[in-house]
Amino acid sequence: MLYREAGDFKTSYKSDSQTFPIAFDRYRYWAVMAFAFLVIPFLINDYWASAILLPFLIYSIAAIGLNILVGYCGQVSLGTGGFMAVGAFACYKLMTSFPEVSIIIHIVLSGGITALVGTAFGLPSLRIKGFYLAVATLAAQFFLVWLFNKVSWFYNYSASGQINAPERFVGGFAVTGPNADAWAKYLVCLVFVTVCALISRNLTRGNVGRSWMAIRDMDIAAEIIGVNPLKAKLTAFAVSSFFIGISGALFFSVYLGAVEVGEAFGIQKSFLVLFMIIIGGLGSIFGSFAGAALLVVLPVALKVIGVDFLGWPTDLVAHLQLVVVGALIMFFLVKEPHGLAQYWRLAKEKLRLWPFPY
Amino acid sequence: MSADFLYGIEVIINGLMAGVLYALVALGFVLIYKASGIFNYAQGVMALFAALTLVGIMEGQVPFGHLINAIFGTDIHHFGWEVPALLAILLTVLVMGLFAFLVQKFVFRHLVGQEPIILFMATIGLAYFLEGVGDLMWGSDIKTLDLGLPQGGSLWVEDLTAKLGGDDFYGFFIDKLDMVAALVAAVLVTGLILFAQYTKQGRAMRAVADDHQAALSVGISLNFIWVLVWSLAGMVALVAGIMWGAKSGVQFSLSLIALKALPVLMLGGFTSIPGAIVGGLIIGVGEKLFEYTIGAPFLGGATENWFAYMLALLFLVFRPQGLFGERIIERV
Amino acid sequence: MKTSYEPYVTADGRKIGDAMMDMRNITLRFGGVEAIKDISFDIREGEIRAIIGPNGAGKSSMLNVISGFYNPQVGEVWFKGERRPPMKPYQVSRLGIARTFQNIALFEGMSVLDNIMTGRLRHMKAGLLKQAVWFGQAEKEETENREAVERIIDFLEIQAIRKTPVGRLPYGLKKRVELARALAAEPKLLLLDEPMAGMNVEEKEDMSRFILDVNDEFGTTIALIEHDMGVVMDLSDRVVVMDYGRKIGDGTPDEVRNNQDVIDAYLGVPHGEME
Chain S
1 MLYREAGDFK TSYKSDSQTF PIAFDRYRYW AVMAFAFLVI PFLINDYWAS
51 AILLPFLIYS IAAIGLNILV GYCGQVSLGT GGFMAVGAFA CYKLMTSFPE
101 VSIIIHIVLS GGITALVGTA FGLPSLRIKG FYLAVATLAA QFFLVWLFNK
151 VSWFYNYSAS GQINAPERFV GGFAVTGPNA DAWAKYLVCL VFVTVCALIS
201 RNLTRGNVGR SWMAIRDMDI AAEIIGVNPL KAKLTAFAVS SFFIGISGAL
251 FFSVYLGAVE VGEAFGIQKS FLVLFMIIIG GLGSIFGSFA GAALLVVLPV
301 ALKVIGVDFL GWPTDLVAHL QLVVVGALIM FFLVKEPHGL AQYWRLAKEK
351 LRLWPFPY
Chain L
1001 MSADFLYGIE VIINGLMAGV LYALVALGFV LIYKASGIFN YAQGVMALFA
1051 ALTLVGIMEG QVPFGHLINA IFGTDIHHFG WEVPALLAIL LTVLVMGLFA
1101 FLVQKFVFRH LVGQEPIILF MATIGLAYFL EGVGDLMWGS DIKTLDLGLP
1151 QGGSLWVEDL TAKLGGDDFY GFFIDKLDMV AALVAAVLVT GLILFAQYTK
1201 QGRAMRAVAD DHQAALSVGI SLNFIWVLVW SLAGMVALVA GIMWGAKSGV
1251 QFSLSLIALK ALPVLMLGGF TSIPGAIVGG LIIGVGEKLF EYTIGAPFLG
1301 GATENWFAYM LALLFLVFRP QGLFGERIIE RV
Chain F
2001 MKTSYEPYVT ADGRKIGDAM MDMRNITLRF GGVEAIKDIS FDIREGEIRA
2051 IIGPNGAGKS SMLNVISGFY NPQVGEVWFK GERRPPMKPY QVSRLGIART
2101 FQNIALFEGM SVLDNIMTGR LRHMKAGLLK QAVWFGQAEK EETENREAVE
2151 RIIDFLEIQA IRKTPVGRLP YGLKKRVELA RALAAEPKLL LLDEPMAGMN
2201 VEEKEDMSRF ILDVNDEFGT TIALIEHDMG VVMDLSDRVV VMDYGRKIGD
2251 GTPDEVRNNQ DVIDAYLGVP HGEME
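So the protein sequences, as listed, match chains S, L and F. Mapping the first sequence onto the working numbering, position 173 (from 1) lands on 173, and the numbers just tick up by one. Mapping the second sequence onto the working numbering, position 227 (from 1) lands on 1227, and the numbers just tick up by one. Mapping the third sequence onto the working numbering, position 246 (from 1) lands on 2246, and the numbers just tick up by one.
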């Protein structure tokens, strides 16, 4: 009744292909944006920022990036951790080498550098497919982690191999370093998320997106009808790595402040982001957000229930987290391979007809 | 003969033995992949779980003790008995069989016909799940696995080969455990190949690997074969777990074996048993040789983390199906 | 060696021009097997050319050579008076050659509309950056090409299913969507691989009408592989007959129908027992 399209006729192709065709969706979208930009900054505190909001925003960017590569273009990659590391270390080197330049520019440049690296590691995708490609991306993962560990130039020859983000300001407010306020960090990440989401929405609804999906669905037919497979696959790697690099740069500079490459960007990270897009929904931007949200909130929720509420030891709860995440993956793959995004779509379908059953 | 050259030979021999172990782990993958098209990322965690179960049974641990204590406030850890090694191994084999049955029934039966990437991701989920369950059941602290296997450098080999070099050379240092592992692996591999070629079930397994529909049409039960295959893989995992566990203790890093087997399979092709063996040996030797000649002196060491992958990747670019894999022919 | 024809106008007013596609001494081998043995034939601009023959004759392989998926070991392909060097399939499509597939090669994850839009690729020029921004050139192009696609949707009468994911469509509709996708490219040469396969009489009539309309209204040259002899005889201007990789007949439907070699190939009887 409330959520409907009756009487809402589209009179141009432009309005037919807009992001939210149903009016209710549009209002909902603007309401969420208003809440995110205008309300949360006044309510946020350090705990909420560091436990939930910042990781959610940052992983959302990574999830969107990986979804472009895996969900839209069908190229499996297990190198997400390594590429986030590229973004982080690029940001670090830029920040320390050019301290006068704004951190926003550094983050975007880090994305660009990661895009170049990602494209290079994406070259094998022209010859190798499926599993073999997934395993080949592991080469990238392990090599990059080793590289950032061994070559001390990357961490400015510090003894520990750890990189620390120097204090930087945007508009007079600190966004990195120990004095940065939660709301400042939050807003920086929010702006990046919004821009990245808009860009990926535009790319996936146009020619580039269609070429990607064509390659994913039937790459030989795609080539025969005119898709250049080299260009399509490499742009997928490039765009995907751009976002993942930005995510890594933010993860390091704004969120953690200091990282050690082995523990922050190991293969566990690659799996984590992959889980986010599986559970959230492959080939769906909403799904990237949903998956990121679930996998950020879940461990926190389990910890709160297990440790704070029930008083169980933390290692026990950590084991339970593994069990729950693993079970969730298998559950979604068996029951709903299109992930949470599909549940969302079905819910909206039902809502469109409500109160009629069909 | 110079000492350096002889050390090089020692590196190669050690590499070969590591290679046999890799091959063994890779075999577990090939078995499942051949029969069901699933690449079982959880194979390494299965090895860990098998080893944990073995130790747990041997030491009379209470399964899920930690969890029970947390829920009920009790303080139990062990039953108080100890189980002899052989019996414990048998029980563990049964547990792995049960695991194979459950996994087939609740997960993979429902994923028949799905794309390979979906199946692969399901096994990653399985790996996480099993790791968590293993930790919950037996605890995550490092355990020592004492099966009475010989350990330490083999004096016999050392003495025998000392004569080869000059005064600086003390003979090849080959760990006895590695030799036993290589022997066991070789026996297991031969056994599996014989099983696959000459028994009724082995033939059925190969039929299923070739063509599900055709196998069904001659009356082979897919479910039975899949449970069989997963159980075999579980046993292979157990042996691998024992070997690695005896060497470096039963701990989480055991589950990373899967990651070592992947380049082996990339080289050898996912569907070939001889490929897994040859691939394992090549990676084993290649890794150690690279580290010895180039990695340690020039690149700061620890190249074993990624060399295998780079080698396999290079190989794949020129031969996308691996050494022995089936040629991928695409038709429109 | 170059074939040259006098253009003419058919009884129903269609213009048939000079040779557009000229296959010269094509031999195609797969390992030790020769799928196509020294075949030469041409396709004239504006005509409907049928390629027929028993199963396994090499017809689909021939189509794959024309569309650039296979490169023949011997022989040359001439397109619009110029030799076409070996090139990648996506480059061939840029020349204005589009095709449908025997076993339907649609993109099952996308809607009908998106599938057909992929056919417009060579008409859309906006680069990556412009598409990322969307407003401006990219959006304008998208809308223009959407209009072109909608015309084809009207033409093939598939308006009702334009937002349906292709995977859910019945076989007959999938075939129509594939035709739409090929038409969206506004090709000069359209290759149809068994467009009537698996259809009932009504569906065949619809498809035949569409094919004739495409040729008549847009002037598109059509080459089709087809098994239904009735369709072939009714639709085509000229026919090429293949058997075991060789050409055994080439001419108008009537000429081919009475060719003894063709009859033998289909019936499989040796000469002596025909009485």
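Don't read these hints as lab results, they were simulated from the structure. Accuracy of the hints is not assured; some may be wrong.
Claimed, not checked - Taking lysine-lysine and the BS3-like style, the derived pairs with C-alpha atoms no more than 27 angstroms apart in a straight line are:
no. : chain 1 : residue 1 : chain 2 : residue 2
1   : F       : K2140     : F       : K2204
2   : S       : K350      : F       : K2140
3   : F       : K2140     : F       : K2125
4   : F       : K2130     : F       : K2140
5   : F       : K2125     : F       : K2188
6   : S       : K129      : F       : K2088
7   : F       : K2015     : S       : K231
8   : F       : K2174     : F       : K2130
9   : S       : K231      : F       : K2037
10  : F       : K2080     : S       : K350
11  : F       : K2163     : F       : K2174
12  : L       : K1176     : S       : K348
13  : F       : K2080     : F       : K2140
14  : S       : K150      : S       : K129
15  : L       : K1200     : S       : K129
16  : F       : K2130     : F       : K2080
17  : L       : K1176     : L       : K1034
18  : S       : K129      : S       : K93
19  : F       : K2188     : F       : K2174
20  : F       : K2080     : F       : K2188
21  : F       : K2015     : F       : K2140
22  : F       : K2037     : F       : K2015
23  : S       : K335      : F       : K2163
24  : F       : K2125     : S       : K348
25  : L       : K1200     : S       : K335
26  : F       : K2204     : S       : K231
27  : F       : K2140     : S       : K231
28  : S       : K350      : S       : K335
Outcome of the hint check:
1. As the CA atoms of K2140/F and K2204/F are separated by approximately 38 angstroms, the hinted pair breaks the 27 angstroms bound.
2. Between K350/S and K2140/F the alpha-carbon distance is near 34 angstroms, which puts this suggested pair outside the 27 angstroms criterion.
3. Between K2140/F and K2125/F the CA atoms are separated by roughly 11 angstroms; this keeps the pair inside 27 angstroms, and the hint holds.
4. Our distance criterion of 27 angstroms between C-alpha atoms is met by K2130/F and K2140/F, whose separation comes to about 11 angstroms.
5. Using a Cα cut-off of 27 angstroms, the hinted pair K2125/F and K2188/F holds, with the two alpha carbons roughly 20 angstroms apart.
6. With a C-alpha separation of about 19 angstroms, the suggested pairing of K129/S with K2088/F holds against the 27 angstroms cut-off.
7. With a C-alpha separation of about 39 angstroms, the suggested pairing of K2015/F with K231/S is violated against the 27 angstroms cut-off.
8. Note on K2174/F and K2130/F: the hinted pairing is violated, with a Cα-Cα distance of about 33 angstroms set against a maximum of 27 angstroms.
9. Using a Cα cut-off of 27 angstroms, the hinted pair K231/S and K2037/F is violated, with the two alpha carbons roughly 35 angstroms apart.
10. Restraint check for K2080/F and K350/S: not satisfied, since their Cα atoms lie roughly 55 angstroms apart, outside the 27 angstroms limit.
11. Proposed proximity of K2163/F and K2174/F is supported: the alpha carbons are some 13 angstroms apart, at most 27 angstroms.
12. Note on K1176/L and K348/S: the hinted pairing is violated, with a Cα-Cα distance of about 65 angstroms set against a maximum of 27 angstroms.
13. A threshold of 27 angstroms between alpha carbons decides the hint, and for K2080/F with K2140/F the separation of about 32 angstroms lies outside it, so the pair is violated.
14. Our distance criterion of 27 angstroms between C-alpha atoms is broken by K150/S and K129/S, whose separation comes to about 30 angstroms.
15. Of the supplied pair hints, the one linking K1200/L and K129/S is violated, its CA atoms being roughly 35 angstroms apart against a limit of 27 angstroms.
16. Proximity of K2130/F to K2080/F is assessed by CA-CA distance (about 34 angstroms); at most 27 angstroms being required, the pair is judged violated.
17. The straight-line distance between the Cα atoms of K1176/L and K1034/L is roughly 33 angstroms, outside the 27 angstroms bound, and the hint therefore fails.
18. For the suggested pair K129/S and K93/S, the alpha carbons sit about 34 angstroms apart, so the restraint of at most 27 angstroms is broken.
19. Straight-line distance between C-alpha atoms of K2188/F and K2174/F comes to about 23 angstroms, which keeps the hinted pair within the 27 angstroms bound.
20. Restraint check for K2080/F and K2188/F: the C-alpha separation of about 10 angstroms stays at or below 27 angstroms, so the hint holds.
21. For the proposed pair K2015/F and K2140/F, the alpha carbon gap of about 35 angstroms is over 27 angstroms, so the pair is violated.
22. Taking the CA atoms of K2037/F and K2015/F, the gap is near 32 angstroms; set against the 27 angstroms cutoff, the hint is violated.
23. For the given pair, K335/S sits about 25 angstroms from K2163/F by alpha-carbon distance, which is consistent with the 27 angstroms threshold.
24. Distance hint between K2125/F and K348/S is unfulfilled; the C-alpha atoms sit about 35 angstroms from each other, more than 27 angstroms.
25. Distance hint between K1200/L and K335/S is unfulfilled; the C-alpha atoms sit about 35 angstroms from each other, more than 27 angstroms.
26. Under the criterion of a C-alpha separation no larger than 27 angstroms, the hint pairing K2204/F with K231/S is inconsistent with the structure, at around 39 angstroms.
27. This hinted pair checks out: K2140/F and K231/S have alpha carbons roughly 23 angstroms apart, not beyond 27 angstroms.
28. In summary, the hint linking K350/S to K335/S is supported, as the alpha carbons are separated by about 19 angstroms, within the 27 angstroms threshold.
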